[in-house]
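Peer 1: Build out the structure end to end from the sequences listed, making use of the hints.
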Amino acid sequence: MEDLLQHFSDPFIMDIKMGTRTFLESEVSNSTLRKDLYEKMIKIDPSEPTAQENEDKAITKLRYMQFREKGSTTSTLGFRIQAMRVPGKPPVTDLQKVKTKEQAKLVKRCQEIRRKFEKSDFFKHQMEVIGSSLLLLFDRSNEANVWMIDFAKTRLLDKSTPVTHRAPWAIGNHEDGYLTGLDNLIQLA
Numbered sequence: 001m002e003d004l005l006q007h008f009s010d011p012f013i014m015d016i017k018m019g020t021r022t023f024l025e026s027e028v029s030n031s032t033l034r035k036d037l038y039e040k041m042i043k044i045d046p047s048e049p050t051a052q053e054n055e056d057k058a059i060t061k062l063r064y065m066q067f068r069e070k071g072s073t074t075s076t077l078g079f080r081i082q083a084m085r086v087p088g089k090p091p092v093t094d095l096q097k098v099k100t101k102e103q104a105k106l107v108k109r110c111q112e113i114r115r116k117f118e119k120s121d122f123f124k125h126q127m128e129v130i131g132s133s134l135l136l137l138f139d140r141s142n143e144a145n146v147w148m149i150d151f152a153k154t155r156l157l158d159k160s161t162p163v164t165h166r167a168p169w170a171i172g173n174h175e176d177g178y179l180t181g182l183d184n185l186i187q188l189a
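So for the sequence shown, my numbering puts the first residue at 1; every next one is plus one.
A couple of the hints might just be wrong.
Calculated lysine-lysine pairs in the DSS-like style (CA-CA distance at most 25 angstroms, straight line) [claimed, not checked]:
| # | residue 1 | residue 2 |
| --- | --- | --- |
| 1 | Lys119 | Lys153 |
| 2 | Lys70 | Lys40 |
| 3 | Lys119 | Lys159 |
| 4 | Lys40 | Lys153 |
| 5 | Lys116 | Lys159 |
| 6 | Lys89 | Lys35 |
| 7 | Lys89 | Lys70 |
| 8 | Lys61 | Lys35 |
| 9 | Lys57 | Lys70 |
| 10 | Lys153 | Lys124 |
| 11 | Lys116 | Lys153 |
| 12 | Lys61 | Lys153 |
| 13 | Lys89 | Lys57 |
| 14 | Lys35 | Lys57 |
| 15 | Lys153 | Lys70 |
| 16 | Lys40 | Lys57 |
| 17 | Lys124 | Lys159 |
| 18 | Lys61 | Lys40 |
| 19 | Lys43 | Lys61 |
What follows is a list of derived Cβ distance ranges for each label pair [what the hints assert, rightly or not]:
| # | residue 1 | residue 2 | range |
| --- | --- | --- | --- |
| 20 | Ser160 | Leu62 | 23 to 33 angstroms |
| 21 | Thr76 | Asp121 | 27 to 37 angstroms |
| 22 | Asp121 | Glu39 | 25 to 35 angstroms |
| 23 | Ser9 | Ala83 | 16 to 26 angstroms |
No lab work stands behind these hints, which were simulated from the structure alone. Ideal Cβ positions, reconstructed from N, Cα and C, are used throughout, including at glycine.
Peer 2: Following this line, the structure appears as structure tokens:
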């Protein structure tokens, strides 16, 4: 473990969740209807549920996860700004509605991370990277850096399941969209 804040003085911090999918494929197979997820959905957007979902007053976990990702840049750009902190202020965590390229910001080093990711045997073809983030830190002394963090849902795939990290996800292909997100962040710079 490394204290990533050790070289920074009261930094700006941004946590960017990477990928076009932030849930594991194993979470897709559960077809149980859940009232709690329906309630969360209608709290965010009462017009979102289908007539059947309104009648059931429940949705599946997959439906909720896809709804959540559709409401942010996750599904369209392959990343979403999860949280940020400005010096002297409490963290801002209600950023999951940030949806356009114009609203998103980028700090340096993403191109280097992309190059290393594409060359890495660890990530290149047989690693599903779900729920990982980029942590961006910078301060007034012009100290700045970006790290890949949060690998709890990263899974090694068998050799018969190569992934590009850019292809669209379909159940069973394990595509995660991590490089799609990096490509779009870099394009925004």
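Peer 1: Would you mind marking each hint as holding or not holding in the structure?
Peer 2: For each hint, the structure was consulted:
no.: 1; hint: Lys119 to Lys153; in the structure: holds (21 angstroms)
no.: 2; hint: Lys70 to Lys40; in the structure: holds (15 angstroms)
no.: 3; hint: Lys119 to Lys159; in the structure: holds (17 angstroms)
no.: 4; hint: Lys40 to Lys153; in the structure: holds (23 angstroms)
no.: 5; hint: Lys116 to Lys159; in the structure: holds (21 angstroms)
no.: 6; hint: Lys89 to Lys35; in the structure: violated (36 angstroms)
no.: 7; hint: Lys89 to Lys70; in the structure: violated (29 angstroms)
no.: 8; hint: Lys61 to Lys35; in the structure: holds (10 angstroms)
no.: 9; hint: Lys57 to Lys70; in the structure: holds (20 angstroms)
no.: 10; hint: Lys153 to Lys124; in the structure: holds (16 angstroms)
no.: 11; hint: Lys116 to Lys153; in the structure: holds (20 angstroms)
no.: 12; hint: Lys61 to Lys153; in the structure: holds (17 angstroms)
no.: 13; hint: Lys89 to Lys57; in the structure: violated (39 angstroms)
no.: 14; hint: Lys35 to Lys57; in the structure: holds (6 angstroms)
no.: 15; hint: Lys153 to Lys70; in the structure: holds (20 angstroms)
no.: 16; hint: Lys40 to Lys57; in the structure: holds (11 angstroms)
no.: 17; hint: Lys124 to Lys159; in the structure: holds (12 angstroms)
no.: 18; hint: Lys61 to Lys40; in the structure: holds (11 angstroms)
no.: 19; hint: Lys43 to Lys61; in the structure: holds (16 angstroms)
no.: 20; hint: Ser160 to Leu62: 23 to 33 angstroms; in the structure: holds (24 angstroms)
no.: 21; hint: Thr76 to Asp121: 27 to 37 angstroms; in the structure: holds (30 angstroms)
no.: 22; hint: Asp121 to Glu39: 25 to 35 angstroms; in the structure: violated (44 angstroms)
no.: 23; hint: Ser9 to Ala83: 16 to 26 angstroms; in the structure: holds (20 angstroms)
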